[in-house]
Amino acid sequence: GRRVPYITIGVLLQVLAWGSMATFQGAREVLPSLMAFAMLSNLGASITEVAKDALVAEYGLRYRINGLQSYALMASAAGGILGNLLGGYLLLRTPPKISFLVFAALLSLQLVVSLSSKEESFGLPRITETSSVLKSVKKQLSNFMEAIQADEISQPLIWAVASISMVPLLSGSVFCYQTQVLNLDPSVIGMSKVIGQLMLLGLTVVYDRYLKTLPMRPLIQIVQLLYALSILLDYILLKQINIGVGISNEVFVL
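Residues in the sequence shown are numbered consecutively from 1, following UniProt numbering.
Fair warning: there could be bad hints in the mix.
Listed below are the simulated DSSO-like cross-link pairs for lysine-lysine, each with C-alpha atoms no more than 27 Å apart in a straight line [stated by the list, open to error]:
#, residue 1, residue 2
1, K118, K193
2, K118, K212
3, K193, K239
4, K118, K97
5, K97, K239
6, K52, K239
7, K52, K212
For each label pair, taking beta carbons as the anchor points, the in silico distance ranges come out as [claimed, not checked]:
#, residue 1, residue 2, range
8, L238, G196, 15 to 23 Å
9, L225, S116, 38 to 46 Å
10, K138, L232, 38 to 46 Å
11, L238, L109, 35 to 43 Å
These are computed hints drawn from the structure, not numbers from a lab. All of these numbers come straight from a predicted model, not from anything done at the bench. Just so you know, even glycine gets a beta-carbon here, dropped at the ideal spot from N, CA and C.
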């Protein structure tokens with residue numbers, strides 16, 4: 001297979017990270033080890049996300065299922081809402097070790113599902129020979145290198161990669177500022193993530209019903225503009241401008 005194994009690898013990395021933090025006390029109390037396991041978990045999540053998107057896209061194209069990616073995004077947003085609510089509840093009611101164990105258990109269930117899933121069950125072509133795999137990888141790499149030589153592809157690609165790479169840096173910095181400087185309650189931050197997932201779910205529904213006919217370039221421009229506005233809101237929080245107009249940090253974060 002070409003996609004399901006990557007999902008399995010990504011989930012396995014997350015299980016190792018969360019399981020280690022749940023099992024070994026030093027792993028969740030010593031900053032270097034905590035950062036290492038967090039990076040391992042994020043790496044696994046990134047691998048899983050890419051493989052999942054590729055699987056959904058190829059399945060939708062093969063069987064000509066319009067809107068499959070939108071439905072997958074809706075399901076992901078709904079799962080994010082439930083996950084953030086569960087995480088917030090566990091943080092309030094249980095010690096961190098129990099929370100990590102629950103997350104590791106959920107990921108272990110996903111690992112079992114991915115291990116038991118076969119590429120053929122999706123009706124997608126499977127590469128069986130190692131030589132064919134290597135040939136396919138070389139061909140795709142060659143096509144990719146040829147494609148990015150065109151300015152109309154390379155310039156948007158560079159912009160997309162640069163903007164995506166900044167997301168973890170910015171979100172991590174804002175999170176540290178909210179918790180270490182503003183001393184916001186974790187439940188407030190968790191609820192803000194729930195609201196964000198609700199907005200994502202709502203926007204996905206709007207796109208699926210009303211914006212499918214909109215050309216991709218204007219749509220991407222709108223998304224980039226909305227993201228820029230969200231960064232501006234973080235700047236307002238950083239400068240505490242919201243306090244000056246009578247809005248508390250807790251309300252503004254929500």
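Hints, one by one, checked against the model:
Restraint check: the Cα-Cα separation between K118 and K193 comes to about 34 Å, which exceeds 27 Å; the hinted pair is violated. Taking the CA atoms of K118 and K212, the gap is about 32 Å. The hint is violated against a cut of 27 Å. Restraint check for K193 and K239: satisfied, since their Cα atoms lie roughly 21 Å apart, inside the 27 Å limit. Of the pairs offered as hints, the one joining K118 and K97 is violated, with about 34 Å between alpha carbons and a cut-off of 27 Å exceeded.
With a CA separation close to 35 Å, the supplied pair K97 and K239 exceeds the 27 Å bound. Between K52 and K239, the direct Cα distance comes to roughly 39 Å. Violation of the 27 Å bound is thereby established for this hinted pair. A hinted pair counts as satisfied when its Cα atoms are at most 27 Å apart, and K52 with K212 qualifies at roughly 22 Å. A hinted range of 15 to 23 Å for the beta carbons of L238 and G196 is consistent with their spacing of about 18 Å.
Roughly 43 Å separates the CB atoms of L225 and S116, a value that falls within the hinted 38 to 46 Å. The hint said 38 to 46 Å for the Cβ distance between K138 and L232, and at roughly 44 Å that hint holds. Our hint of 35 to 43 Å for L238 and L109 holds, since their Cβ atoms are close to 39 Å apart.
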